[in-house]
Amino acid sequence: MTEAANPTKASDAPPIRRNRPAEINVLIGLIVIALIFEVLGWLVQGQSFLANVERLRIMILQVSVVGIIAIGVTQVIITGGIDLSSGSVVGATAMIAMSFAQVSTYPRAVFPALTDLPVIVPIAVGLGCGLLAGLVNGLLIAHTKIPSFIATLGMMVTARGIAKWYTKGQPVSFPTDGYAAIGAGMTPVLIFIAVAILFQLILRYTIYGRHTYAIGSNEQASRVSGINVERHLILVYVVAGLLAGLAGVVLSARGLTAQSGMGVMYELDAIAMAVIGGTSLAGGRGSIAGTTLGMLIFGVIISGFTFLRIDAYYQEMLKGLIIVGAVVLDVYRQRYRGRN
Amino acid sequence: MSDGQTDIVLKTVGLAKRYGGVHALEDADFELRDGEHVAIVGDNGAGKSTFVRQITGVEQPSAGEIYFDGNKVEFKSPIEARDHGIETVFQNLALADDLDVPSNLFLGREERYFNLGPFSILNERKMLAHAQDALRTTGVKIPDLRNKIRNMSGGQRQCVAISRAASFASKLIIMDEPTAALGVQETAQVENIIRTLKSRGIPLILISHNLRQVFDLVDRIWVFRRGRIVGAVDRSKTDGNEIVSLITGVKAAVDAPNFA
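Keeping their order, the protein sequence lines are chains A and B.
Going letter by letter, the first sequence gives residues 1 to 340 in my numbering.
Going letter by letter, the second sequence gives residues 1001 to 1260 in my numbering.
These are calculated hints, taken from the structure and not from any lab test.
No residue lacks a Cβ here, since even glycine has one placed at the ideal position from N, Cα and C.
Hints are supplied without guarantee of correctness; some may be wrong.
Now the in silico label distances, taken between C-beta atoms and shown as ranges [unchecked claim]:
hint, chain 1, residue 1, chain 2, residue 2, range
1, B, 1060, A, 282, 26 to 34 Å
2, B, 1125, A, 144, 36 to 44 Å
3, A, 144, B, 1044, 31 to 39 Å
Stretch by stretch, here's where chain B covers chain A in the computed footprint (C-beta under 8 Å, at least three residues) [said to hold, decoys possible]:
hint, segment
4, 210-222
5, 227-237
Bound-form chain A, shown alone (with noise of 0.2 Å):
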């Protein structure tokens, strides 16, 4: 209603305010969460939640990894696109990157040949594989035009077999110094905001960010203003496969060890994170700011339950809640800017 007197009013007058950030919304909300946790934390176990710098370093170390999907899949949901492959991905990018890592003196490493490699050559192999799942994903959904959510799935599916297939189900270990290096005390955190950093500065400063919310908000509107609409997406998703990759080698170094069952789950953790953090599953908005804020909260949850010692099965219906609550919230948000 009010609608109608601004556009005449608003020539003369000052800028009109604009939408305060989302971020900040997100912000608000883990301060609060995390007040609750230390005010229970108070009442139930007589002591503080947060003033543990322990707690907290654990907390976040556990978070990071996950981060670095998240960061993968934030871009992929701006698009309008949705990724569940990446903890298949990192399971299988765990397997086959640790075995270009194995010592020499492991006597039943995989490739017997190939051990004490610099430990450039399992990052590259690591990274090789996320690339590669990112491709076949980009490639099937920007030419078969078959939704991002099947095709992922397909991925998650073959991912996970090729993880197992790989040693037939044996766990991978024994990696070189330089290999457990990657994962060793708080790296994986500092990995985390190194990459959280150059995503933030890339969707909000280069072509590469611009095209990326120009097809979440409009994919017509995208290709009649001559964005190559399919060539964006595979490369949306290559990149998505890339940093699962690059998950996949931070946690086979920081476990010391890759399992074919790593990351299961992850690919909804990282979707989680980044739908709490404000990313719209309809894609046009969100921000690694926010999916990082989001990966707090995610990690303040789950620091806080244990905390609290909730048993863990009820840990993971709380999670189940706190997942379909983030999306009912976004889908309020998307009728109310509707209605405007």
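Fit chain B to the known structure of chain A by using the hints.
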């Protein structure tokens, strides 16, 4: 163009489009002079939008030829038409709702600092400055250019779409029902933009159902009926009754295309 009509910007000869057995457009001979503003009118299904889709490269004609700027052309996509200096404002607004005004104006042809392929850095300052210029030239007032299109009224959106076409079109602008969804005041604003285009000498093809608007804005009116061109009359030599008769078929075709 053997007869030396160098002032003809666009000409079609025997243009036709058939979808299976449906003849959406038949034998269309059309021409547009430099600086001329023309309207295409006709009932629903008369072939107006089909005609526009053929000349803008959205679809490829089944038969006939298109001459643009003196050369025979076969546009395979809207991008190719755009590269020749033809800008189209499509009926469904071709804007990205989640982007701001400069981003939409420059969508698909962004200014960049240096070329790193897709990872080139956007020159936002230059795009903002150009956007301000483009809107000023077309007389569009939008309070905050950094606001997202989503938060704007239908009229403001249409003005942005038209400004985009107007600021990039070097040879021809085509507008498909630009005011169909707008209120009275917003329609007046869009019509004012079209008048500024006239004073800048850019030729225009306007598709409209609004005869009052057509008589207000254009030099010549092309009437389509059942996929054929049934008349092209100077605005000053006709009236609403004649146009309506042509549209409805009460009056048979006037020998139009070659009278010029």
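Results for each hint:
1. Taking 26 to 34 Å as the suggested C-beta distance range, the pair residue 1060(B) and residue 282(A) conforms, at roughly 33 Å.
2. Our hint of 36 to 44 Å for residue 1125(B) and residue 144(A) holds, since their Cβ atoms are close to 41 Å apart.
3. Distance hint check: the CB atoms of residue 144(A) and residue 1044(B) are about 35 Å apart, consistent with the given range 31 to 39 Å.
4. Coverage of a stretch by a chain is defined here by at least three residues with a beta carbon nearer than 8 Å to that chain's beta carbons; for the segment 210-222 of chain A and chain B the count is 10, and the condition holds.
5. Only residues whose C-beta sits within less than 8 Å of a C-beta in chain B count toward coverage, and the segment 227-237 of chain A has 3 of them, enough to reach three; the restraint holds.
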